[in-house]
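Required output: the full structure, derived from the provided sequences and hints.
Take the position in the sequence shown, starting the count at 1, then add 15; the result is the number in the working numbering.
No wet-lab data here; the hints were simulated from the structure. Values in this document were obtained by computation on a predicted structure and should not be read as measured data. Take these hints with a grain of salt, some might be off.
To be verified - Derived DEER-like restraints, expressed as beta-carbon distance ranges:
| no. | residue 1 | residue 2 | range |
| --- | --- | --- | --- |
| 1 | A289 | E93 | 51 to 61 angstroms |
| 2 | V109 | A285 | 50 to 60 angstroms |
| 3 | T60 | K28 | 21 to 31 angstroms |
Claimed, not checked - Below, simulated EDC-like cross-link-like pairs (lysine to aspartate or glutamate); rule was C-alpha separation at most 20 angstroms, straight line:
| no. | residue 1 | residue 2 |
| --- | --- | --- |
| 4 | K85 | D54 |
| 5 | K167 | D102 |
| 6 | K163 | E93 |
| 7 | K39 | E24 |
| 8 | K128 | E144 |
| 9 | K74 | E24 |
Glycine residues also receive a C-beta, built at the ideal position from the N, C-alpha and C atoms.
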Amino acid sequence: MHRNHELYEYLMKNSWQMTEDWYKQVDDPDPNSLYSTTDEHIINTLKEQNQDYFKRLHKIFIEQEEVFLKEFEEWTIELAKDQKHLDTAVHYVVREFNKTQEVYISYLQKFYKENQDKVKLEQFFLWLEIVRKTFQLSIYIYMEEAQKNTSKQIAAQKEMINELSSPVIMLQNNVGLLPLIGDIDTARAKLILENTLTQCASLDVQYLCIDLSGVAIIDTMVAHEIFQLINALKLLGITSTLSGIRPEIAQTAIQLGLDFNSVRTTASLANSLAAFNQ
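Here it is, written out as structure tokens:
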């Protein structure tokens, strides 16, 4: 059996010193790493998190395994949601997990040396094995959850960028402007369609100029989405015009057999706005 209340009390008694021993080893020159901070508040938070980790880990020597693992997993998942840790490269966090493990094992060794008359060598080896497995579990859970949270952040940022990259700008006389810039893939084209319809309805747009002067390439799928947008706007009673189609796009459109005959076009944004004003 690996449970040992005396060992648990020993570790609890030395928890803060274990944290101090860990932090003395922290030496990170990378300014982008959480562990390079000189901010006393952040340093104290790091120490408190490490202290909390130790105290939870100590419970493996007094609790039933299933109870311990459930609580321990929940704590590690919460750590992975911490923004400062998310902003730090995963390999730095894993490095500190490993340093923490070294400190923890050193205190197991101290306890064993002080209590060799009561602790068998086999039991000491069992403790080492359990602690190493628990640390491996910590690292696995952290990396998995950190990846999930990072992916969510990237997806949210991408969605925000897409929304900001397709704003309807309200001009005068119920005229709106949708300036499109950069590469447009099918996913972004669909998002532009959804956002544009919503914005035009809320802004009470009656005439919309879709300016393509900042777009270098359009394929058949993206062209289809633009046609869909124009047709949807027509259903809402909104008149739309395409302006600023670049020579490269016009040439590609002919090569791909794209038909713009049903779409009102002008050579420039100025021409389009002038037509609306008239």
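Outcome of the hint check:
Hint check: A289 to E93, Cβ distance near 59 angstroms, so the stated range 51 to 61 angstroms holds. Distance hint for V109 and A285: a CB-CB separation of about 57 angstroms, consistent with the stated range 50 to 60 angstroms. Between T60 and K28 the Cβ separation comes to about 23 angstroms, which falls inside the hinted range of 21 to 31 angstroms. The straight-line distance between the Cα atoms of K85 and D54 is roughly 33 angstroms, outside the 20 angstroms bound, and the hint therefore fails.
Of the supplied pair hints, the one linking K167 and D102 holds, its CA atoms being roughly 13 angstroms apart against a limit of 20 angstroms. Restraint check for K163 and E93: the C-alpha separation of about 12 angstroms stays at or below 20 angstroms, so the hint holds. A distance of roughly 24 angstroms separates the Cα atoms of K39 and E24; the hinted pair therefore is violated under the 20 angstroms criterion. Annotation: proposed proximity of K128 to E144 holds, straight-line Cα distance about 17 angstroms (limit 20 angstroms).
With a C-alpha separation of about 10 angstroms, the suggested pair K74 and E24 falls inside the 20 angstroms cut-off, and the hint holds.
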